[in-house]
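*Asks:* Listed below are the residues making up each chain.
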Amino acid sequence: MEDFQEQEYEFLRRLDEDTLDRRKLLKRGLAAGAGLTILSTPAAALAARQKVLAAPPLIGRKVTLAEIVKEAKKEGKLNVIALPHDWSNYGEVISTFKKKYGLSMDEQNDQGSSAQENQALRDLKGDSRQPDVVDVSPPFAIDGANEGLYARYYTTNYRTVPRSQKDTRGLWLGDYYGAISIGSNGNIVKNAPKTFADLLKPEYKNQVALNGSPLTSGSARAGVFAAALAHGGSLNNVQPGIDFFKKLKSVGNFIPVGGSPQTVASGQTPIVIDWDYLNLVYTGEFPAAKWTATIPADGVYGAYYCQAISATAPHPWAARLWQEFLYSDQGQLLFLKGFAHPTRFPDLVKRKVIPAALLKALPSPALYSKLKFATAKQNADSKALILAQWPNI
Amino acid sequence: MATDVAAVGELRPGTRPGRRRLPLAWLVVVPFFAYTLLFLFLPAGEVLVGAFKGAHGGATLSNLSDVIHNPNLRDDYKTSIEVSLVTAGLGALFGVLIAYAAIREGTPRWIRSALTTFSGVAANFGGIPLAFAFISTLGVLGIVTVFLQNQLHYSLYQHGFTIYGKTGVEVVYLYFQIPLMILVIAPAIDGLRREWREATSNLGASSFQYWRYVGLPVLLPSIISTLILLFGNSFAAYATAYGLTTGQSVHLVPITIGFDISGNVVSNPHEAQALAFGMFVVLAVMMLIYIPVQRRASRWAK
Amino acid sequence: MRRFSLSAWIWIVLAAVYFLIPLLATLLFSIKDKQTGNCCSLSAYGFILHDPVFWSRIRLSFELALETIVITLLLLVPTIYWVHLRLPRLRAVISFLALVPFVVPPIILVGGLLNFYRGSPQWFYAKPFGFLAAAYVILAFPYVFFSLDAGFRAIDVHTLTEASLNLGASWRTTLARVILPNIKVAALSGAFLTLAIVMGEYTIAALSAFKTFPVYIENVNETQAYPAAALTLLSFGITWAAMGSILLVGRRGGATRVQLGGGGR
Chain A
1 MEDFQEQEYE FLRRLDEDTL DRRKLLKRGL AAGAGLTILS TPAAALAARQ
51 KVLAAPPLIG RKVTLAEIVK EAKKEGKLNV IALPHDWSNY GEVISTFKKK
101 YGLSMDEQND QGSSAQENQA LRDLKGDSRQ PDVVDVSPPF AIDGANEGLY
151 ARYYTTNYRT VPRSQKDTRG LWLGDYYGAI SIGSNGNIVK NAPKTFADLL
201 KPEYKNQVAL NGSPLTSGSA RAGVFAAALA HGGSLNNVQP GIDFFKKLKS
251 VGNFIPVGGS PQTVASGQTP IVIDWDYLNL VYTGEFPAAK WTATIPADGV
301 YGAYYCQAIS ATAPHPWAAR LWQEFLYSDQ GQLLFLKGFA HPTRFPDLVK
351 RKVIPAALLK ALPSPALYSK LKFATAKQNA DSKALILAQW PNI
Chain B
1001 MATDVAAVGE LRPGTRPGRR RLPLAWLVVV PFFAYTLLFL FLPAGEVLVG
1051 AFKGAHGGAT LSNLSDVIHN PNLRDDYKTS IEVSLVTAGL GALFGVLIAY
1101 AAIREGTPRW IRSALTTFSG VAANFGGIPL AFAFISTLGV LGIVTVFLQN
1151 QLHYSLYQHG FTIYGKTGVE VVYLYFQIPL MILVIAPAID GLRREWREAT
1201 SNLGASSFQY WRYVGLPVLL PSIISTLILL FGNSFAAYAT AYGLTTGQSV
1251 HLVPITIGFD ISGNVVSNPH EAQALAFGMF VVLAVMMLIY IPVQRRASRW
1301 AK
Chain C
2001 MRRFSLSAWI WIVLAAVYFL IPLLATLLFS IKDKQTGNCC SLSAYGFILH
2051 DPVFWSRIRL SFELALETIV ITLLLLVPTI YWVHLRLPRL RAVISFLALV
2101 PFVVPPIILV GGLLNFYRGS PQWFYAKPFG FLAAAYVILA FPYVFFSLDA
2151 GFRAIDVHTL TEASLNLGAS WRTTLARVIL PNIKVAALSG AFLTLAIVMG
2201 EYTIAALSAF KTFPVYIENV NETQAYPAAA LTLLSFGITW AAMGSILLVG
2251 RRGGATRVQL GGGGR
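Protein chains in written order, with the working numbering: chain A, 1 to 393; chain B, 1001 to 1302; chain C, 2001 to 2265.
You can take every hint at face value.
Listed next, the in silico BS3-like pairs over lysine-lysine satisfying Cα-Cα at most 25 Å (straight line):
1) A/K125 - C/K2127
2) A/K290 - C/K2034
3) A/K194 - A/K372
4) B/K1166 - A/K247
5) A/K246 - B/K1166
With beta-carbon atoms standing in for the labels, derived distance ranges:
6) C/N2038 - A/N191: 22 to 30 Å
7) B/H1159 - A/P240: 28 to 36 Å
8) C/L2248 - B/E1105: 21 to 29 Å
9) C/V2013 - B/T1060: 52 to 60 Å
Non-contacting residues of chain A with respect to chain B, defined by C-beta distances greater than 10 Å in every case (computed):
10) L103
11) V300
12) L333
Keep in mind the hints are simulated off the structure, nothing from the lab.
Note that CB positions come from ideal geometry on N, CA and C, so glycine has one too.
Chain A with its partners taken away, still in its complex shape (with noise of 0.2 Å):
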């Protein structure tokens, strides 16, 4: 399905380089043969481009980026929603983009949850400050896309972005990706836990932390999926993981306290099991707390989030721009900055773009390919599990 929607652009983006020159027009008209003739007409043809910008294009490669630019020039704003500066380096990735494209940003709700993101799409429906894009986990991903909440967009990029993690109607594609890991402040915690395991040892009474509840983060659920592997369990059987949290809990070392850059830096969240982008940002941003974040090698767990562009969104080319700018080398990069791997991490290693520098800074690549993404499924059957028993660890 994708490889022949692949093929299509391809073919009528070639057309669309060309100019508009009546004999080359009607040339292409004769080689093309009955399946275009459409467009051997000069008139038809110019009709076309303009219905072509008329509406933003269901394919990136259809139209030209300076023409991306010019029409989202014209609505001159784009709107997004619960981008924290914070997370995978989101303050940079705007600010460029602002930059580089002369577009205001509307950032609403800064900390919103990916249910509230996909809520604002409903609640702003038809107004002016409806979010154009939304960044969410990919259950709210196939759940909006069901629900109709997204456009379809196939951004010039999508052929390398991996499979497993790209809705093939072009509802939504993930954006990056993270594992878990488990963070330390080396002024309270002198022998740094490096695997779940160590999490029990009674030398880190009341200092370990998630980053929320399971229920409602989506970090935290991840830190229990992490937890499950590293006990035995599966992405089928998350069971484990609730099983370790209740014995930390019994023990008296887990604290219900979300970590936060407050807490990390102030010593109250001595441990804290998060996402490995925001624990080694903290490592940078704190040298007082002398923060320091490893991957638990007993549970190497990953998860990505999705870009989804609103079915109406009121600047619809902005948006398209946008995600024509993360996709893009140079806005993947700026995820990696922010120690969140961008989702075509694997072609940027490939085409080798990645500055080293940059590449020393992460953790080992060797565990990176361990990480395995939840299904839709499985990730539906941890929910409902940890649902039912985590009120009562």
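Given chain A, put chains B and C in place with the hints provided.
*Replies:* Coordinates of chains B and C only, in the frame set by chain A:
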């Protein structure tokens, strides 16, 4: 102004002659009702109705019975009601004592001004900032915890205290409950006249007798009415307990509703609506208890 | 009457200890140096104070608070006055209605409001001074109602009204010169609470995509460590100062007529 005590009750409702008495009387309260209708009941009405709707439409009681039969959710209500009763009771007690201390004769006037304005801020202080302030104070490494440990060799946490538990949440909630009480009860305390206290002490009554026979009866209707407000204030509070425990060690109804509606993981709007309806019922029951108690207290005051 | 009461001072000191230590703990954290973790650096305060967003948001929220206070008092003062004077049976109904905002979680209220008013004019729907203010008036109801109710209970509405009318004053004069000065303390309490609500409400503002001061606070809290603590204290101080100024304005208005807040009226 000295005559107003003697004239109590002369202007009974409905006894005042006037031509368009009834319609006019109701006209004044129309804007309030219209406003609540337009901006509260119509928009939020869906919620209460939604509690009786099935996942595929149609009327059903299953959402409510699911809530009633789920022991976790029952416990949520128990915890919420308990925390609200404790913090309303203690908040009212300390609020009255502190407000009276600040308002009474002999306390410098600036203390009263500072206290009431401070109370205005603190009564709505909440969320992560308040939670963090208390974690820094009474958390494992909080300044009071560390002080007690180092100076008095008393370890709060080894004695079972934790700021992340129910007691911790109650201690934190008092930070906005007491100020709310102070603010709302201050006008009533102003109503206690100095002459009454002077009269009782001239007659040889003790301070206890003054409070038992004069002060408390006068204040009681206002205190009871404010108790309801404090109960509701705590019952609906969400962000502070969430900032403190992320809903993992103390399970309150509003937090569960929050999970149901905005969770990245769960999403169960009908349960949320049923839970909200349950909160509505709890407050309605509180009102039903409150009205007769209030009436009796008002009679006692006269 | 004793001029000095030991028990009063004990309560005041205890209250000061309980209320000030958490603020002190926040202060101690906010002045730590980011690099060394030691005392003292004011850079967290500099970060906030030099952020233009801070000033624009606080201004928006403050204006929003004033609007909410005015609307709430205009709606509630006449209603509660009238209920005390003429319709005492309605008191229970109204106090119940005023409590309902407590059981409608803000997250549900905002969803309902957005749905219900979708398609309404942009000057209302898309503007904080329309949509948000309307919602905040609802949130303020319980607090303002109970403040005013306690205030009206403390004065004798019937006698004051009757005396004023018998002396030939009009309804307007009665309200403005007799009733209002007497409930000023209660109205001020309600105004303080409303101001604090608006300066602190996050959920509704965030979900209806308005960028108010609390949305800024939340954002700083989630992303910045030391500036978050500094911001907590700054916003506490600024809200406190704002209340002080409301108190001054309120006092200047009516202090000559009826002595405010004193024990012996």
